[in-house]
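**Student:** Chain by chain, the residues run as shown.
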Amino acid sequence: MATATIDGPQGLTGGHDAPAAPEAVVVRFAGDSGDGMQLTGGQFTLSTALAGNDLSTFPDFPAEIRAPQGTLFGVSAFQINFGSTEIETAGDQPDVLIAMNPAALKVNLDALKVGGLIIADSGEFNKRNLEKAKYDANPLEDGSLERWQLLSFDISALTLQAVKPFGLGNKEALRCKNMWTLGLALWMFDRDRAPLIEWLRGKFIKNHVLADANIAALNAGHAYGETAELAGPLRQTHIPAVASEPGLYRTVTGAESISYGLVAGAQLAELPMFFGGYPITPASSILHNLVKLKEFGVTTFQAEDEIAAICSAIGAAYAGHLGVTSSSGPGIALKTEAMGLAVMTELPLVIVNSQRGGPSTGLPTKTEQSDLYQAVYGRNGDAPIPVIAARSPGDAFDCAIEAVRVAVHYMTPVILLTDGYIANAAEPWKVPDPSTYTPFPVTFLEQPNGPDGQVLPYARNDKGARPWIKAGTPGLMHRIGGIEKNPLTGNIDYAPASHQIMTDARKAKIDGIAKSIPPQDVTLGEAGGKLVLVGWGSTFGAIHQAVRRARKRGLDVSHVHVRHIWPMPENLGDLLRGYEKVLVPEMNTGQFKTVLRDQFLIDARPLTKTSGQPFTIAEIEAAIDAALA
Amino acid sequence: MNDLTPIKTTLKDWETDQEVRWCPGCGDYAILKAVQRTLPELGCDPSNTVFVSGIGCSSRFPYYIESYGFHTIHGRAPAFATGIKLANPDLDVWLITGDGDGMSIGGNHTMHVIRRNLNTQILLFNNEIYGLTKGQYSPTSREGTHSPTTPLGSVDHPASPCAFALGAGGRFIARSYDVSKDLPQVLKAAHAHKGAAFVEIFQNCIVYNKDRFDDFTAKPVVDATQLWTRHGEPLLFAKGTRGIALDAAALKLKVVDVIDGDWQAAGVMVHDQTNRGLAHLLVEMPFGLFPMALGVIYDDPRPTFESVLLGQDVKARAGKSADLGKLLAKGQTWTVAD
Chain A
1 MATATIDGPQ GLTGGHDAPA APEAVVVRFA GDSGDGMQLT GGQFTLSTAL AGNDLSTFPD
61 FPAEIRAPQG TLFGVSAFQI NFGSTEIETA GDQPDVLIAM NPAALKVNLD ALKVGGLIIA
121 DSGEFNKRNL EKAKYDANPL EDGSLERWQL LSFDISALTL QAVKPFGLGN KEALRCKNMW
181 TLGLALWMFD RDRAPLIEWL RGKFIKNHVL ADANIAALNA GHAYGETAEL AGPLRQTHIP
241 AVASEPGLYR TVTGAESISY GLVAGAQLAE LPMFFGGYPI TPASSILHNL VKLKEFGVTT
301 FQAEDEIAAI CSAIGAAYAG HLGVTSSSGP GIALKTEAMG LAVMTELPLV IVNSQRGGPS
361 TGLPTKTEQS DLYQAVYGRN GDAPIPVIAA RSPGDAFDCA IEAVRVAVHY MTPVILLTDG
421 YIANAAEPWK VPDPSTYTPF PVTFLEQPNG PDGQVLPYAR NDKGARPWIK AGTPGLMHRI
481 GGIEKNPLTG NIDYAPASHQ IMTDARKAKI DGIAKSIPPQ DVTLGEAGGK LVLVGWGSTF
541 GAIHQAVRRA RKRGLDVSHV HVRHIWPMPE NLGDLLRGYE KVLVPEMNTG QFKTVLRDQF
601 LIDARPLTKT SGQPFTIAEI EAAIDAALA
Chain B
1 MNDLTPIKTT LKDWETDQEV RWCPGCGDYA ILKAVQRTLP ELGCDPSNTV FVSGIGCSSR
61 FPYYIESYGF HTIHGRAPAF ATGIKLANPD LDVWLITGDG DGMSIGGNHT MHVIRRNLNT
121 QILLFNNEIY GLTKGQYSPT SREGTHSPTT PLGSVDHPAS PCAFALGAGG RFIARSYDVS
181 KDLPQVLKAA HAHKGAAFVE IFQNCIVYNK DRFDDFTAKP VVDATQLWTR HGEPLLFAKG
241 TRGIALDAAA LKLKVVDVID GDWQAAGVMV HDQTNRGLAH LLVEMPFGLF PMALGVIYDD
301 PRPTFESVLL GQDVKARAGK SADLGKLLAK GQTWTVAD
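If you read the sequences in order, they're chains A and B. Numbering-wise (the numbering used here), the first sequence opens with residue 1 and increments by one. Numbering-wise (the numbering used here), the second sequence opens with residue 1 and increments by one.
Any given hint could be a false lead.
What the hints assert, rightly or not - Restricting the straight-line Cα-Cα distance to at most 16 Å, the calculated cross-link-like pairs of lysine to aspartate or glutamate (EDC-like) are:
1. A/292 with B/313
2. A/294 with B/313
3. B/330 with A/433
4. A/113 with A/146
5. A/164 with A/212
What the hints contain is simulated information worked out from the structure, not anything from laboratory work. Model, not experiment: these values are computed from the prediction.
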């Protein structure tokens, strides 16, 4: 239900008749990129999860590491939507905006729900900061914030006062501001401080003074809430725990779940894993995670560039490891030639693309789904590669396993599409039990497979896959490469018939993967009807909620969400033909729409957004109304 | 690594059934034979040997060696070799590249594989021209080279592969040429070196850059123009009548005449293959004023990339179990009861 059921922000302040607690609340923390907003948001997320609420987050930060202080482009924000019902997006409009300086207020104010609550650090609304944020007058004082509830107090001064006993320098002391703010937020939503205090002790294990100062700031913020409540302007809200399926839960980001999924996939395939990567936003976190998992048979290699990263992974695959590489759009572009080689040599490889806004460097820290053509079509020659798209952080775990399965069983590179939103966003995740997954062990060729002891590296099995021959296997010496080859021996062969046979074989093998994937289901609604919304990737939550709301209003609309982008499920075309209208919401200019038209000759219509921000539920709901009008 | 029991093979065992497709008279034939002759002498096992190459005439090499072979993409062979070695450090990996492949499109990877010190033999066939694309000038072509893309003569200063490799932190630098009878000795030394062993092999492109190296490889000038560096021996050439001495005041090398074989009196230096400064001076000697330095110019091993990296991994794994269930349930979790 997410934000639809929010009872209005009045529920959060004491200025009105206190209504019942809302089912869900959207809070946005915003400050300077040096203010620690991502950290604050992350810890608030953890406390929310521990309180048993369902949640979804949206970290939104600038590409600059430390943009000049106080500037509009240096604002970093973290939004969280949490509630006692199922939450599937980070929320359309915040109910609460915590603004640590004038720039943070200015950049985020438009998003705030009318009547929403602004909590501002008045200590930062000085002349200098107001000028940097291009305010002519102080918005906290000139009545321009009338449409919202405003609570402003000098968080900077209150923090300095709270940490005074610890003798920190002014700069260090002010760094505790985010913990003060977090303390206040914890009070507002009736949260347990103990796990955060424990976390702070661990974080500053080598500096007890800093630990104590931060804890003091946290406690002071919390105490301020209590006092402020007594004085009237603020009210505490308790959001009850969501009713979830029983089991063990944790929060997970896409970068984490992909790393775990790759490890799980390697275990199920009974392979050691080699990961070759090169730092790029927002994909680097996968490498950061995997370096800590060496005991799972993971070897990581930070290469000199994107090309070397994928080439090293292909080399490792030739020597019998599960080769994995990961990047984002520009890096994927650089890897393209090597992907062609993996197609040509038919070696297994997983390529993770954490999509970001493009083209070129584009929007490094913002999300987009505009690499779909690149994944499906973007290579020289006829070079089909399976493409799998994750819909959420939790789903990315299963998608990573699926990518490994397809890669090793069909001897092919596989592209796993995720995006900046999935990579960074956190959601509660029911911890899967690895023992419930069916293993898919790999068999390497150990003996010659041809007549008279011949080695035939390109003799195919019933799936059309060639044998995987580990370099170093006694007696199975052979040569592979990027030149067209004899359909059995793999020796160089430019003969017209050979290229025809090999091109056909490579295509048939990838097309055949469709037989091993589940048929497309209808995520919400019925098979057939007036309108279907076909989505892929991280638009899942927004589409799902919009369809749910529309259906509640009695509209005939269903939701189909596609995981296997290439090859597609065998029934997808027939399924989509069962609807009068097909609408494809995606964060690009209509790429999946085109692929669907191409594959099925259906009149798929686009709903596009390329602002670097995820769809809001309202935007999609409006499109549903328009389509059914 | 590479310390496996020697295997008995003959030259024939290292030949494939593939027809060799280089131009008749190409220097690559001689290099191929030298390698095929050397591998049995080293006791190498075809099953445990991998030849990795990029793109270009030289990079067809793996197809003609009966071992594991990977003909990859232009310039990237070092990256493939790195993945292969990290996946299985016991494999004996030879990297075959050329002046275009290794110094131009793949210059970056050449630098890093040397800097990291991956235990591999890097054979760079330098013919100072692009052969497979029909004769364009290459990054090692001499200034003024006339080619389809430089009809008025090339203007860019050529790269020196050995100086580049040394500058990248190389610990083994050697030079030879296609038809040299000493090429197998150089290859053996490269194989014995644990780490990235860089060997520049001058190679005659019979079609596009014919006899380019005649100024030091043609029979009549061999003695006068080739300086073979041998560890512990004086740096003599021209049948011992000339030698290399240090001009200490100018901090550079000079050619001196040796009278009656008394090289000590002439101040000729004794080659020390672990002397990095000397190696720099030798590979940078301007040809003409100086002879061409050939042989093992520098050989001073340090730990290999894969031994250090994988050793670190072993330590990191010690005492930890690969329990995925435990990993997933790590950190702050909560339970929803029935």
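**Student:** Now look at each hint and say whether the structure bears it out.
**Tutor:** Hints, verified against the model:
no.	hint	verdict
1	A/292 with B/313	10 Å, holds
2	A/294 with B/313	6 Å, holds
3	B/330 with A/433	13 Å, holds
4	A/113 with A/146	13 Å, holds
5	A/164 with A/212	11 Å, holds
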